[in-house]
Amino acid sequence: MTNNVSADVDEPTPEKPSKRQRQAGHIADAASVGIKVLLVKIIALGVLDALALTAIFILLAQREWLVIGVVVVATGLINWIYLGKRKLPAKYLTPGVIFLLIFQVFVLGYTAYIGFTNYGTGHNGTKEQAVSALMSSALERVEDSPTYAVTVLEQGDTLNLLVTEPNGEVMVGNAETPLHPVDNAQMDGGKAVGLDGYTALTFQEILAQSDAITALSVPASEDPNDGALRTPDGTSGYLYVSNLEYDEAAGTMTDTATGTVYTDNGSGAFTADDGQQLLPGWQVVVGADNFVRALTDESIRGPLVYVTIWTFVFAIVSVATTFFLGLFLAIVFNDMRMRGRKFYRVLMILPYAFPSFLSALVWAGMMNESFGFINQVLLGGAAVPWLTDPTLAKVSILIVNLWLGFPYMFLVCTGALQSIPEELQEAATVDGAKPWAVFRLIKLPLLLVSLAPLLIASFAFNFNNFNLIYMLTNGGPRDSSAPIPVGHTDILISMVYKVAFTGQTRDYGLASAFTILIFIVVAIISIISFRKTKALEDLN
Amino acid sequence: MSALTQTPGTDDMSTRAITSTPGARRVEKRPFNFGRWFKATGWRHIVGVIMVVFSCFPLLFVLSSSLNPKGTLTGSNALFSAIGLDSYARILNSPDIPYTDWFVNTLIVAGITALATVFLGGLAAYSFSRMRFSGRRFGLVSIVIIQMFPQLLAVVAIFLLMSSIGDWFPALGLNTHLGLIMVYLGGALGVNTYLMYGFFNTIPASIDEAAKIDGAGHARIFFTMILRLAAPILAVVALLSFIATINEFVVASVILIDPEKQTLAVGLTKLVSNPRYADWSAFSAGAVMAALPVMAVFLFLQKYIVGGLTAGSVK
Numbered sequence: 001m002t003n004n005v006s007a008d009v010d011e012p013t014p015e016k017p018s019k020r021q022r023q024a025g026h027i028a029d030a031a032s033v034g035i036k037v038l039l040v041k042i043i044a045l046g047v048l049d050a051l052a053l054t055a056i057f058i059l060l061a062q063r064e065w066l067v068i069g070v071v072v073v074a075t076g077l078i079n080w081i082y083l084g085k086r087k088l089p090a091k092y093l094t095p096g097v098i099f100l101l102i103f104q105v106f107v108l109g110y111t112a113y114i115g116f117t118n119y120g121t122g123h124n125g126t127k128e129q130a131v132s133a134l135m136s137s138a139l140e141r142v143e144d145s146p147t148y149a150v151t152v153l154e155q156g157d158t159l160n161l162l163v164t165e166p167n168g169e170v171m172v173g174n175a176e177t178p179l180h181p182v183d184n185a186q187m188d189g190g191k192a193v194g195l196d197g198y199t200a201l202t203f204q205e206i207l208a209q210s211d212a213i214t215a216l217s218v219p220a221s222e223d224p225n226d227g228a229l230r231t232p233d234g235t236s237g238y239l240y241v242s243n244l245e246y247d248e249a250a251g252t253m254t255d256t257a258t259g260t261v262y263t264d265n266g267s268g269a270f271t272a273d274d275g276q277q278l279l280p281g282w283q284v285v286v287g288a289d290n291f292v293r294a295l296t297d298e299s300i301r302g303p304l305v306y307v308t309i310w311t312f313v314f315a316i317v318s319v320a321t322t323f324f325l326g327l328f329l330a331i332v333f334n335d336m337r338m339r340g341r342k343f344y345r346v347l348m349i350l351p352y353a354f355p356s357f358l359s360a361l362v363w364a365g366m367m368n369e370s371f372g373f374i375n376q377v378l379l380g381g382a383a384v385p386w387l388t389d390p391t392l393a394k395v396s397i398l399i400v401n402l403w404l405g406f407p408y409m410f411l412v413c414t415g416a417l418q419s420i421p422e423e424l425q426e427a428a429t430v431d432g433a434k435p436w437a438v439f440r441l442i443k444l445p446l447l448l449v450s451l452a453p454l455l456i457a458s459f460a461f462n463f464n465n466f467n468l469i470y471m472l473t474n475g476g477p478r479d480s481s482a483p484i485p486v487g488h489t490d491i492l493i494s495m496v497y498k499v500a501f502t503g504q505t506r507d508y509g510l511a512s513a514f515t516i517l518i519f520i521v522v523a524i525i526s527i528i529s530f531r532k533t534k535a536l537e538d539l540n
Numbered sequence: 001m002s003a004l005t006q007t008p009g010t011d012d013m014s015t016r017a018i019t020s021t022p023g024a025r026r027v028e029k030r031p032f033n034f035g036r037w038f039k040a041t042g043w044r045h046i047v048g049v050i051m052v053v054f055s056c057f058p059l060l061f062v063l064s065s066s067l068n069p070k071g072t073l074t075g076s077n078a079l080f081s082a083i084g085l086d087s088y089a090r091i092l093n094s095p096d097i098p099y100t101d102w103f104v105n106t107l108i109v110a111g112i113t114a115l116a117t118v119f120l121g122g123l124a125a126y127s128f129s130r131m132r133f134s135g136r137r138f139g140l141v142s143i144v145i146i147q148m149f150p151q152l153l154a155v156v157a158i159f160l161l162m163s164s165i166g167d168w169f170p171a172l173g174l175n176t177h178l179g180l181i182m183v184y185l186g187g188a189l190g191v192n193t194y195l196m197y198g199f200f201n202t203i204p205a206s207i208d209e210a211a212k213i214d215g216a217g218h219a220r221i222f223f224t225m226i227l228r229l230a231a232p233i234l235a236v237v238a239l240l241s242f243i244a245t246i247n248e249f250v251v252a253s254v255i256l257i258d259p260e261k262q263t264l265a266v267g268l269t270k271l272v273s274n275p276r277y278a279d280w281s282a283f284s285a286g287a288v289m290a291a292l293p294v295m296a297v298f299l300f301l302q303k304y305i306v307g308g309l310t311a312g313s314v315k
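Taken in order, these protein sequences are the chains called A and B.
Position 95 of the first sequence, counting from 1, maps to 95 under the numbering used here, and the rest follow consecutively.
Position 1 of the second sequence, counting from 1, maps to 1 under the numbering used here, and the rest follow consecutively.
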């Protein structure tokens, strides 16, 4: 039985337990389950199933069939795992794996998919949403429109218009649902003033929400060309018709004022013959366009190349400087005769204990060109452009990262140094080796064996050290010649963030394409470094 | 100077060898010699002083400007020229800066994330350490490989996923702490599982066996024995996860939209996005209040953290 629970990964299971042993195990397990554990399990599963059922009803209303399928399968699987007697490892792995699957695996696949779309500002939704957004943005009041008596109704957070037509017919609708007839409205002198299930707004409430009410336009029918009803004051409404005319069969938008015809040519927006686009457009799969743009468009490829080079330089130099300073300090303070070592040690690791996002912000303040502590006090009023000169900003980043990173290296080097047996050094000294030779030929290789994984981890961390770059220089100084918001000190990850979330146009598609390219680079580096680490271990 | 005072045959190495032998007392009785002292340990103090100045002056700068009643960055340059708690009061009471909200949000998000990470990672590590099943090695390796892809790279996909989830279930989507915590828990396995797995393996399996013979089931063994015996590594993982979550900016800045929902990292960063015009003293006061608890816990536990990190990496 004992060797069944061997501690080593590589050791294969020596022998399978016999049938009787397994039976005994199950009986013992079943007998040992306390009533409390059972109760907790039943309640937890019950809550989970109830939540899943609620979720399914909500999703049914939105007709999200695929998501419903996923919820049903996942809930079924979880119940099957926890109600069964076997599948013990699965019971322990499932909770973590669920989050891993959704927020790492799925998200990775989704990133790849977005990389092949034109998702971003102006291309956010479906074609129907784009059509109705375009139509309503070009609405103009019909000059001879009759006046409709209107009551503003509220249902939940949604505003509705209750409309009494001049011929006495009563209709209701909101921004999403076109006007449709109702027959149970409460009437007051020929004007409909209320409807069951809705709350009519009072005069004060209309004043309070006047912005939302004047912005509300309710489609007159399913056909967007019929126009929409809007109310400037909350009591009377007029018909507005769009300047744009949508022809669903031909897939064209016609501007009735100028006569320009915009066609859907598959690029996710109505485009005129001269290339002019009507925005918002909609989301379409554009194939490898984003990747092609990233790799061939000169104005994007240029920044991509220098950002990649700087990312590598930054990560390598950061690891090297912090490691060597840390190692040097570890050797200096590893002398038992020295007094006050603990005192120095605690003060030196303070930068590591201080939350790193705050450190970067503090340094950004101290390095400010005209007001910062370094220029004003340490350099007596000099105006050194620490963070605004392309080259000096890179140096500043490396200095700050040295400040942030050396205490960690100091700690781990001290630990590794102390785990090297004294006898090795004594033996070498007896054999006549000089201290430097002892260090270079004996201690350093031994240190590298145990520290190599940490150095690789540190490289990976710095490769994606978004906080430092974003909070110290924000990638600046800005490269004004590039069409994407990128600066001279941006690393790959901060460039992705800026392309996706800052600036006038957000380009999720291009950002995701960058992400996939970075992932390929990271994966290759990781594979190579794993191999190298193995090689180092073989030396031992 | 050191060359002059060097006695023949007593280089750095051999003095150390002598002092570490039992006969070392004789050496210490020699009269104090500055040159010898300097060569042995004195220069180390010089390095120490330089490094302490380098390490501490930015921290002194924050502390000093947080105590400065004036607001601007320029006003903070004369260290400790004026001392008062005005800026602390300012950041705590300002109607435009929901600092206390940020503080509470950060504690809630980081605290729950840390606890849940330890729990999820511990469950997984227990099954990898104590059970033998097909796909076990594959599972361990694939967890590490998936984790190589940093979550913040997928921030666009996370944002779009959370905004669709928010359309269906507003309580879980964008601008909710629960949603943010769920995203963080996507990284609960991975390195944490490895650290705990390594530690669990050092707990003798014979303890489990003895408990099984006494009639304890796997759940009882896990909750009442393994988790308690592994308390040191659980504390390390919890602390690392806690600090990492406090420092996390990208995902939090994308998911949390309303100012009063944001965390310290997002809020304080936006607060000084232009240091020239920002209320620098108020920011410094906020930074000091945010950093002190973290630093206290960190310094208290740093021995275990370093132990945990190196132990995990060597395995």
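Derived by calculation from the structure, the hints in this document are not laboratory data.
All values reported here derive from a predicted model rather than from experimental measurement.
There's no promise every hint is true.
Said to hold, decoys possible - Chain A stretches covered by chain B per the calculated footprint, using a threshold of three residues with CB under 8 Å from any CB of chain B: (1) 103–112; (2) 136–149; (3) 172–180; (4) 355–361.
Even glycine gets a Cβ: it sits at the ideal position worked out from N, Cα and C.
Taking each numbered hint in turn, which are not upheld by the structure, reported in ascending numerical order? Hints 2 and 3 are the ones this structure does not satisfy, whereas the remaining hints hold.
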